[in-house]
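Using the sequences and the accompanying hints, generate a full structural model.
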Amino acid sequence: MTTYYHLIKKLVAVSSILMASAMLFQPAKANNADGALDGLWRGKLEVQPGVALVVGIDVQGETVTLDSPNQGLWGHALSAVTIADGTLTFSAKDLQAEFTGTINGDVIAGTFTQGRARPLTLQRLSNADLEHLKFEGGYAGDLIINGAPQLPLQVNVAVIADSYYASLDSPAQQSYGIPLTNFHIDTETMRFESPMIKASYTGNAEGPGLYSGKFVQGLERKLTLKRLGAAEERVEVPKPKMGEHGGAVAVITPTGVTQKFFADHNAQTTYEIGSVTKTMVAYLLAKSSVEETTNLEQKLKHFFPAAPSSITLEQLATHTSGVPRLPADLFSDANPTDPYAHYNLALLEQALPTVLLGHAGADAQSYEYSNFGYGLLAEALAKAHETNFNQLLTSQLFRPLGMSSSSMALAQIPADETQSAALADGHDALGQVVAPWHFQALAGAGAVRSTLPDMITYVQAMMTMSAEQQRVAQQLFAPRFSMGDCCQQALGWILKQDANAQWFAWHNGQTAGFGAYVGFYLDGSRGIVVLNNQSVINNEYAEQLLTGTAQLHE
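Residues -30 to -1, 1 to 524 (mature numbering (1 follows the signal peptide of the UniProt record, and there is no 0)) are what the sequence shown spells out, left to right.
Read the hints as simulated data drawn from the structure, not as lab findings. Mixed in with the good hints there might be a few duds.
As the list claims (entries may be wrong) - Straight line, CA to CA, 27 angstroms or less: simulated DSS-like cross-link-like pairs of lysine-lysine:
{"id": "1", "residue 1": "K230", "residue 2": "K466"}
{"id": "2", "residue 1": "K353", "residue 2": "K271"}
{"id": "3", "residue 1": "K184", "residue 2": "K196"}
{"id": "4", "residue 1": "K257", "residue 2": "K271"}
{"id": "5", "residue 1": "K353", "residue 2": "K269"}
{"id": "6", "residue 1": "K168", "residue 2": "K196"}
{"id": "7", "residue 1": "K269", "residue 2": "K257"}
{"id": "8", "residue 1": "K184", "residue 2": "K257"}
{"id": "9", "residue 1": "K466", "residue 2": "K63"}
{"id": "10", "residue 1": "K230", "residue 2": "K211"}
{"id": "11", "residue 1": "K257", "residue 2": "K466"}
{"id": "12", "residue 1": "K168", "residue 2": "K184"}
{"id": "13", "residue 1": "K466", "residue 2": "K184"}
{"id": "14", "residue 1": "K184", "residue 2": "K104"}
{"id": "15", "residue 1": "K104", "residue 2": "K196"}
{"id": "16", "residue 1": "K192", "residue 2": "K104"}
{"id": "17", "residue 1": "K230", "residue 2": "K196"}
Said to hold, decoys possible - Ranges of calculated distance between the beta carbons of each label pair, as one might list FRET restraints:
{"id": "18", "residue 1": "A332", "residue 2": "K104", "range": "46 to 54 angstroms"}
{"id": "19", "residue 1": "G177", "residue 2": "E319", "range": "50 to 58 angstroms"}
{"id": "20", "residue 1": "S452", "residue 2": "N116", "range": "45 to 53 angstroms"}
What you are looking at is a predicted structure, and each value in this text was computed from that prediction instead of being measured. Positions of the beta carbon are idealized from the N, C-alpha and C atoms, including for glycine.
What follows is the structure, given as structure tokens:
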């Protein structure tokens, strides 16, 4: 069954632009001795369609600091600030962020860059806006389920010019930055709506910073929200342990495979592997390129005439096309418990003429993880092979490798095909059973279901590809650009070095009820598969298994 209160997971996986702690070092000085720019400046930074973060600066004489109120960050010191010739420029090296804007009275319009460049307009807060600061901050509480507090929620309130920007976090479900509309707060009431998750809240003040009321999402339940102190800004939720509801793990070496099943799971148990699907799409691209069915430089427009002319298949495979994380209209008719199921090819094609591209290129500054992009890539490859994506993946990967228990979770299954009946019950981070996901045109983003034996077969094929499909391996695993000190981006896969400077490839995946991780050393010496029927990914545990710093005990 599906719990009514399950918020849309992974649809709003906003990567915080300000992840460093607010360590205070000597702030940079600006040439603002006359105080012309003194005040609080705020603006909304759109990080994906309809989802924003509030970014601002506090200018007091020659001192300028950085704020992001709905992330609980105030007064972060900047490493450099310049005000000259009507232009404001600042940077925060610890955040790898910078801004350049043109000053025009109480408005500074420019570009904020942190990996990807995005437009940002800062407006100076008026005296009336400053009065609203008494309501700024985080408000946290537990949603009452069956008479007991069960689901931690946090409302983040930030003041912007003439208004507020508010968002909702569900830390236990790893969902952050869910946008709220029609937000109102004063000394007597707080109320808001969220069309994205089809929810609303109305609460009455029971004391300073304390609101008690009803949260409605299908059913009506009690929710009391209390304003948090600065040290409490983020709700910490303990992460579940691997195997609490089941799961499977395998460690693979050239001499054999060690595997472990949890609970009553076995070799026939099927799991959603989520975004690990993307590595399979990347394999199809590399193989198609070697076979000259298509090539990495092929324009998406060749397959979808309405697509922007700049996008290449390689950019889609490396998340550098500028295509946003999700289609802007995905939420319009989405079922919160099965959010991708309705999005068919017609909707995908309709979204292309109006898609708002970010900065495109072939480097980390163009990087934006995109489910939309992988949906497009999978459909383009299917068109190149004159088939559909389901048949392409089956004929080019599942069947040749003997992955007979692997399939795609399609919303509309052709009559001559069946899907596994052994799918494990998926659980959210709180341990509640949730509904499985289905896909149509965005299947390339995460539609595959598989078993541990099949995923072992898949990883073994990747581990031996350099010997058996050398040209495909060269295309697939070639580093395309550096992702900072951490990693290199290949087609689909992320490449990383261990403590001994040995390279391994990895990818993870997550749906509403499942988590997965696969990885292997490029020299074929070791690989792992971690499958969990709970929406939790423990990358640290998985990487320790892969690098051999932790052992799998049968």
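Taking the hints in turn, this is what the structure says about them:
no.: 1; hint: K230 - K466; verdict: holds, 26 angstroms
no.: 2; hint: K353 - K271; verdict: holds, 12 angstroms
no.: 3; hint: K184 - K196; verdict: holds, 14 angstroms
no.: 4; hint: K257 - K271; verdict: holds, 21 angstroms
no.: 5; hint: K353 - K269; verdict: holds, 13 angstroms
no.: 6; hint: K168 - K196; verdict: holds, 23 angstroms
no.: 7; hint: K269 - K257; verdict: holds, 17 angstroms
no.: 8; hint: K184 - K257; verdict: violated, 54 angstroms
no.: 9; hint: K466 - K63; verdict: holds, 23 angstroms
no.: 10; hint: K230 - K211; verdict: holds, 15 angstroms
no.: 11; hint: K257 - K466; verdict: holds, 23 angstroms
no.: 12; hint: K168 - K184; verdict: holds, 14 angstroms
no.: 13; hint: K466 - K184; verdict: violated, 47 angstroms
no.: 14; hint: K184 - K104; verdict: holds, 23 angstroms
no.: 15; hint: K104 - K196; verdict: holds, 14 angstroms
no.: 16; hint: K192 - K104; verdict: holds, 25 angstroms
no.: 17; hint: K230 - K196; verdict: violated, 44 angstroms
no.: 18; hint: A332 - K104: 46 to 54 angstroms; verdict: holds, 47 angstroms
no.: 19; hint: G177 - E319: 50 to 58 angstroms; verdict: holds, 53 angstroms
no.: 20; hint: S452 - N116: 45 to 53 angstroms; verdict: holds, 50 angstroms
Hint compliance for this structure: hints 8, 13 and 17 are broken, all remaining hints hold.
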